[in-house]
Every structure is written in structure tokens, then in C-alpha cells.
Amino acid sequence: MDFTYDSEQNDLREAVRGLLQRAYSDSERRRQVAGTDPGFDEKTWTQLAEMGVLGLPFAEEHGGMGAGPIEVGVVAEEMGRVLAPEPFVEAVVLAGGLVAAVGTDAQRTAVLGPLSEGTSVLAFAHAEPAARWSASASAVTATQAGDGWTLTGVKEPVANGARADVLVVSAAVGGGTALFLVQGDAAGLTRTGYRTHDGGRAANVTFDGTPAELLGEGTADRAADVERAQALARIAYSNEAVGAMDTALRTTSEYLKTRKQFGVTLNRFQALTFRAADMYVSLELARSTALWASMVADAGGDVVVAGDRARLQTSRAGRHIGKEAIQLHGGIGVTAEYSVGHYTSRLTAIDHLLGDGDWAADRLAASVDSYPTVDPLGAPYTR
Amino acid sequence: MRLQLSPEMEAFRDEMRTFFTTQVPQEIRDTIAARRHLTREQYVHAQQVLNAAGLAVPHWPVEWGGKDWTPLQRHIWREEMQLASVPEPLAFNTSMIGPVIAAFGDQEQKERFLARTAALDIWWCQGFSEPDAGSDLASLRTTAVRDGDEWVVNGQKTWTTLGQYADWIFCLVRTDPTAEKKQRGISMLVFPMDTPGVTLRPIQLIDGGHEVNEVFFEDVRVPAENLIGEENRGWDYAKFLLGNERVGIARVGATKKLIAQAKEFAREISSGGRPLSEDPRTTARIAELENELMALELTALRVVANSADGKPHPASSVLKLRGSELQQAATELIVDLAGPLSLASFADGGSQVPDWARVATPEYLNYRKVSIYGGSNEVQRTIIAGTILGL
Numbered sequence: 001m002d003f004t005y006d007s008e009q010n011d012l013r014e015a016v017r018g019l020l021q022r023a024y025s026d027s028e029r030r031r032q033v034a035g036t037d038p039g040f041d042e043k044t045w046t047q048l049a050e051m052g053v054l055g056l057p058f059a060e061e062h063g064g065m066g067a068g069p070i071e072v073g074v075v076a077e078e079m080g081r082v083l084a085p086e087p088f089v090e091a092v093v094l095a096g097g098l099v100a101a102v103g104t105d106a107q108r109t110a111v112l113g114p115l116s117e118g119t120s121v122l123a124f125a126h127a128e129p130a131a132r133w134s135a136s137a138s139a140v141t142a143t144q145a146g147d148g149w150t151l152t153g154v155k156e157p158v159a160n161g162a163r164a165d166v167l168v169v170s171a172a173v174g175g176g177t178a179l180f181l182v183q184g185d186a187a188g189l190t191r192t193g194y195r196t197h198d199g200g201r202a203a204n205v206t207f208d209g210t211p212a213e214l215l216g217e218g219t220a221d222r223a224a225d226v227e228r229a230q231a232l233a234r235i236a237y238s239n240e241a242v243g244a245m246d247t248a249l250r251t252t253s254e255y256l257k258t259r260k261q262f263g264v265t266l267n268r269f270q271a272l273t274f275r276a277a278d279m280y281v282s283l284e285l286a287r288s289t290a291l292w293a294s295m296v297a298d299a300g301g302d303v304v305v306a307g308d309r310a311r312l313q314t315s316r317a318g319r320h321i322g323k324e325a326i327q328l329h330g331g332i333g334v335t336a337e338y339s340v341g342h343y344t345s346r347l348t349a350i351d352h353l354l355g356d357g358d359w360a361a362d363r364l365a366a367s368v369d370s371y372p373t374v375d376p377l378g379a380p381y382t383r
Numbered sequence: 001m002r003l004q005l006s007p008e009m010e011a012f013r014d015e016m017r018t019f020f021t022t023q024v025p026q027e028i029r030d031t032i033a034a035r036r037h038l039t040r041e042q043y044v045h046a047q048q049v050l051n052a053a054g055l056a057v058p059h060w061p062v063e064w065g066g067k068d069w070t071p072l073q074r075h076i077w078r079e080e081m082q083l084a085s086v087p088e089p090l091a092f093n094t095s096m097i098g099p100v101i102a103a104f105g106d107q108e109q110k111e112r113f114l115a116r117t118a119a120l121d122i123w124w125c126q127g128f129s130e131p132d133a134g135s136d137l138a139s140l141r142t143t144a145v146r147d148g149d150e151w152v153v154n155g156q157k158t159w160t161t162l163g164q165y166a167d168w169i170f171c172l173v174r175t176d177p178t179a180e181k182k183q184r185g186i187s188m189l190v191f192p193m194d195t196p197g198v199t200l201r202p203i204q205l206i207d208g209g210h211e212v213n214e215v216f217f218e219d220v221r222v223p224a225e226n227l228i229g230e231e232n233r234g235w236d237y238a239k240f241l242l243g244n245e246r247v248g249i250a251r252v253g254a255t256k257k258l259i260a261q262a263k264e265f266a267r268e269i270s271s272g273g274r275p276l277s278e279d280p281r282t283t284a285r286i287a288e289l290e291n292e293l294m295a296l297e298l299t300a301l302r303v304v305a306n307s308a309d310g311k312p313h314p315a316s317s318v319l320k321l322r323g324s325e326l327q328q329a330a331t332e333l334i335v336d337l338a339g340p341l342s343l344a345s346f347a348d349g350g351s352q353v354p355d356w357a358r359v360a361t362p363e364y365l366n367y368r369k370v371s372i373y374g375g376s377n378e379v380q381r382t383i384i385a386g387t388i389l390g391l
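Order-wise, the sequence lines are chains A and B. Mapping to UniProt numbering: the first sequence position 16 is 16, numbers consecutive. Mapping to UniProt numbering: the second sequence position 279 is 279, numbers consecutive.
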């Protein structure tokens, strides 16, 4: 057991942190970027590609860097630290991760190469307007048409759905769920983009006999692949949330030390400092869990359960820290020109993208009676 | 980064598990598992079994019986001991006065006390808190005045845990009332509990038990050589000691054991036509508690991995704060599982209520102490806010 980052991982962190802090040295810059379509900075996206970040988890033969979940977690945490709006988890970890897991060799090379180079943005079109978190699809159906397939139905909200060059789409086939690739300029594809509360972009994506390419071979149910890719994304989001919570707490502590009321700085009020201390406790427990979940993925353990555990812990911590960060600031915390409220907004978005704390707790609850104790260093978390 | 224990650590864990589950008498472990009180003889016997195998004081200097283990080994040792319901070596001996004497005592004191302290041939108790010195320990008023080759001690201590079993007491006393800072005028004295002028009075607690005491000192004459370390440096030793106290205080293994027991209890009680183990609200509560506990365990592992030269990591305050809350949450869960059965607290023969349900509420009430002792949770928040967040 070793919970320390190696020198290459530390170097990666320093490099990504340097790049992102140059890009988003002040929160005003992030507001500008978030205020203009596509909601992230294309130049920063290209720089991330040049650094190898966009191909981080993919095999070298498919244009990637061959790194693992620990490195993904490092990058996600740094993205969260400055609220970088570039869709690293969405495009690389989730959509790219599905292509890497399910795609044929030719599809991996064709899709992951350009993704890694920063020339093609991917999005996973999976959420459906009348459904909650699920690993299967029902609102879009796939029909075989000669050698190919067509899709019909609606996906919404699809993160970065309007900007994406290629969509990975889940659709109902027979009794199961299959995955498809749809080009952004495909016929019968209508995308209506809008802003999200956290400064990002999402879209209504409507398919009307839209030509699509089956991802992978055969139409066996891919729900388990979706579940696994979502679990890895949950783990990455947990790391992103840790970065965001860290900054939210740091910003709050600084504010308490400088803001004066009643003739003294706010850190003279124990009612406030004790609450900041509780935020620290939440942060450190979430940090441990997010790091652990990345290590489970790295060790080839059960990422679905580890993802649920990380989700539960960071959901509770994110809500606690996000709400308290605003409250301890007072009115300025809810203004758009000040940074801290945006952190709360992003933490709230992360909390609802792939399952919230109650949802994860319910899933974990279903099996608590089948084992006596949790051993985070043993089965099923290590092989 | 590596999640798995190394093969050596796996073997070490197996060795600990085997020892604790086979060498410590079953009757003693059953009593701990049932959350019932041990007799003095049982405490002593259990510690002597551990000590004979070199497992009572592995964190002490090697010269005095320590093992030179890594922080991870100590963590595994403690965790396996708790999971096996083995009573931990008496903290007053092994985590408090022993390490202080080993670090600050003179050679004569080390030879006189350490081996007997490890073996629990001397049972120590702690004379720190006073009626007007709780969280503000440095305001203590018990005095020691030098008279020839002796110190004369007058005053009162309180919350002296298991003082009724103790042979000796280690005491913080004010030796320089004129010191500019109140922390500077404090020394540490040790003396037998049967020294003339020492009176012990039990404090009855809300769980019905006798665990803590008041201790009164009236012209207690203590030989000068019983001063530990230097005169007026007692506060430094107390801080050193409390830092040690905090590291093990998360009690992750013990809470894990409680949750495992709670799952068994939940199967025994039915509600709405099904066992509580199938009730979604109950299982969700267990899942949340278990997840919080796992997060704490992982934090403890991170902290032990980063504790340099034996100094407690600042985040050890997180362990105390959250560890005590989770111990309390587990005891509360068990009371709630027992429901109306929990009223049979002091039932003896002739009751059909299972023993775990009888003991549930007294234990829950007793465990209110864990967020108070060892530096109350409010003190821990003060440390986190000040030391870590710079507030």
C-alpha cells in the first residue's frame, strides 16, 4: 500500500496546473470563456492536447498516452481547482472511454486519434428527458437499414452536444442497449444547444432516421459497458469535485481572514471558523475516497462499487462545502462576479450528472447485508 | 501508488489476526464483543498475553520493548486487535505515561517503570483534568510545593478513568504559580495511589457504571525523584502525550466491528413483516455509515503514511473529530435497531431481550464521552481552524 504520487504523476500535475492557471488566472477570464460558445476555450483545448492530456487514458497504438486512472484523477482535480470549463471528463473519460472499451480497432484509431490531437470533440448522448440515471437507453431506438443503422428519438441534456464533432449515442435495440457513432453533420440530426447553470453547454439532440455507425461488433447489450464507463467518469468527477472543494474552502478561509465586520476580521467569530473546520473534515474524507477509487480502478478492482462509494462521499461533501462556502461569504457569494458561487454551481452540476448521493447510497444499501465489513484494501477493490 | 498490501504486510496482517483470535482468551474477547465490562484481572491478563508476545507496546523505543514498526504496521496491529475484540493495552500505560517516560524520563525512571508499565504490573491512571480545568487544561490549580527532598501536593483531579484499579497516578501539578504563561509553571509528578493523603471518590455515570473518579490530594508527600523530566516542562510532556492519544483515537476497527454486529442484529428484529436487514431506510443508513467509516480509514492510512518522526500529522484532528462521531453514530444505530427492547437495559436473568439490546442504550449514553475526552471535538475544530486553515 502506497498513497503517494510518483514523480511523473507530480510532474503531470505541475504541468497541467501551470497551463490551467495561466489560462484561468482570474475568475473573470473563466466568465468570459463560459459566456461565449462553445463554453470552453478552443486554444486551451489544443494546449491540453499538445500536453497529451486529451489522450491520457488511451492506448498508444490508438493515439493516446497509455496512462491510467491515477493520472486521469490528477488532471480532473486540476480542472476542478480552477473550474476549467474544458470538457475533459465528458469528452475524454466518458465518451472516449466508451469508444476505447467497446469500439473496434479501426474505430478506436479513427475516433481516439483526433480526440487525442484536439481536432475532434466527443460527447456521450445518453441522458433522456424523462429518465433519471441509468445505464440503458429507451428514448432513442436504433433500426438496421441495409449495412448500416438509423437512430430515431431524443437525447437531452447532452453535455457539449451542440459543439461535439462526433456523438457516441446509446439506443435501444431489441431488449438491450447498443452504442453508435453519429457524425455532427449527419442528416436528420437536430441539435439545440443552451447554457447550463455551471457555465457549460448542453443540448437537445433529436434524431430522425439519422444514419449511425454501430460501435463495436454485434448488438449484444452494452449496458454493462456503459455502467463501467460511467463508473470511471464518476471517479474522475469525484477528483474534479475535490479540486473544486479545495479551492472553495481556500477561498472561504482567505475571505474570513480579510473581511471585516463589527470592526474585526470574520475569523474572530468562532461560529464561522468552526464551520470552516467542518468543511475541512468533509474535504479530506472526500479526497481520501476519490484517491482510493482511482487506485481501485488502477488496480483492476470493482470500479462500479468504488464509483458509487466515491460518488456518495463527494456528493455529501460537495453539497456541504458548496453551501457553506457561500454562506460564510455572505451576499458576495451569490454574485456572478465573485468566484465562489460558481464553484458551488459546478459542484451541484457534478452531483447530478451521473447519480447523486442518495442514488449511490441506495445502490450500496442493496448489498450491505451480504458482507460483514468493508476492507478498502481487499476484495472486491483489489484483485 | 499502490492499493494492495505488499505480500509482507499481508503476512503480517495474517500473523496479527491469528495471534489475536487464538492467543487471547475467548472469554475476554466475548466480553468485549458483548460490550460488557472486563474485571481488573481480565485487563491485566489480556495485556500480559500481548506483552509476552511483544505486542503490548510496539510503538515504544526498541530498547524498552518496542518493535520499530512502520506506521502501517501499527495501524494493522491496532485494527486487527479491535476487529478481534481484543482489549487494547491500557492507554494510560502504553500510549501516555510510558512514551513520556521513555522520551523524557531519566535512566533510573526508565529502568524503574517501563517494563512494569508495559506488563501492567503497574496500573497507571491520569491526573490531568480538574473541576475548573477541562478543555482549558493549563489553568489547572493542583499545586506541588518543594519541601526538602519532597514535593507536597494539594488539590483535586477529576475524570480519572479506572482510578479504582490504579496503582500509580501521573499528575500535572503547578510548580511555579508566578510563571508568566500559565503553561510554563506546570510539572509532571508520579506517585502511588496509596500514598497518604490521596482519596478516591467514584463518579456514577448516566450508563449506571463506575468508570471515572475524583481524586483528592491533601498534603501528599512525593519524593523529588518522582518528577518526570524537567521542572516546569510538564505542559510539553502533556502535549506530546495527547498527540499520541489522538492518533489511535479514531478507533476505526472498533466501529467496523460495531457495524458488522449491527448487521447481525438487524436480521433478528422484524418490522412491518420483514427483518430490519431488508428495510431500505435501515440499509441505507448502514451504507452511509460504512462509507463514512471507509473514508475515515483511508484518511487514517494517508495520515500514518505521512507522519514524519512520530509527530502527529495536523490532520490527526480530523481522525479524532470524525472517529468519535462515527463511534457515536454506530452506537446510536444499535439503539435504534433495538427499538423498544432497548428499555430492558438492566434486565438480568428471566429477560428474553437479547443481551445486545439490553446493553445498547447504556453504551450509547456512555459513548457521549468520546467526543469530549482526548481534547473535545470543539478543541479539535479550534486546532483545524487555527493550525491547518490559518484562521
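Hints are computed from structural coordinates only; laboratory data are not their basis. In this text the structure is predicted, and so the values were computed from the model without any measurement. There could be a bad hint or two in this list.
[Stated by the list, open to error] Distance condition first, Cα-Cα at most 30 Å in a straight line; then the derived DSSO-like pairs of lysine-lysine:
#1 A:LYS257 with B:LYS67
#2 A:LYS323 with A:LYS260
#3 B:LYS239 with B:LYS369
#4 B:LYS67 with B:LYS110
#5 B:LYS110 with A:LYS257
#6 A:LYS257 with A:LYS323
#7 B:LYS181 with B:LYS239
#8 B:LYS369 with A:LYS257
#9 B:LYS239 with B:LYS110
[Said to hold, decoys possible] Each pair of labels, with its calculated beta carbon distance range:
#10 A:SER367 with B:GLU268: 52 to 62 Å
#11 A:ASP362 with B:THR22: 51 to 61 Å
#12 B:GLU150 with A:PRO372: 27 to 37 Å
#13 A:PRO372 with B:GLY349: 24 to 34 Å
All C-beta atoms in this analysis are idealised placements derived from N, C-alpha and C, irrespective of residue type, glycine included.
Here is how each hint holds up against the structure:
Proximity of LYS257 of chain A to LYS67 of chain B is assessed by CA-CA distance (about 45 Å); at most 30 Å being required, the pair is judged violated. With a C-alpha separation of about 21 Å, the suggested pair LYS323 of chain A and LYS260 of chain A falls inside the 30 Å cut-off, and the hint holds. With a C-alpha separation of about 20 Å, the suggested pairing of LYS239 of chain B with LYS369 of chain B holds against the 30 Å cut-off. A hinted pair counts as satisfied when its Cα atoms are at most 30 Å apart, and LYS67 of chain B with LYS110 of chain B qualifies at roughly 17 Å.
About 47 Å separates the Cα atoms of LYS110 of chain B and LYS257 of chain A, which puts this hinted pair outside 30 Å; it is violated. For the suggested pair LYS257 of chain A and LYS323 of chain A, the alpha carbons sit about 19 Å apart, so the restraint of at most 30 Å is met. Distance hint between LYS181 of chain B and LYS239 of chain B is fulfilled; the C-alpha atoms sit about 15 Å from each other, no more than 30 Å. Only pairs whose Cα atoms come within 30 Å are accepted, and LYS369 of chain B paired with LYS257 of chain A is rejected, the gap being roughly 33 Å.
Distance restraint check for LYS239 of chain B and LYS110 of chain B: the Cα-Cα separation of roughly 20 Å lies within the 30 Å cut-off, and the hinted pair is therefore satisfied. Between SER367 of chain A and GLU268 of chain B the CB atoms are about 20 Å apart, so this pair departs from the stated range of 52 to 62 Å. For ASP362 of chain A and THR22 of chain B, the hinted distance range of 51 to 61 Å is not satisfied, since their beta carbons lie about 40 Å from each other. About 56 Å separates the C-beta atoms of GLU150 of chain B and PRO372 of chain A, a value inconsistent with the hinted range of 27 to 37 Å.
In this structure the supplied range 24 to 34 Å holds for PRO372 of chain A paired with GLY349 of chain B, their Cβ-Cβ distance being about 31 Å.
Taken one by one, the earlier hints fail for this structure at numbers 1, 5, 8, 10, 11, 12, listed in ascending order.
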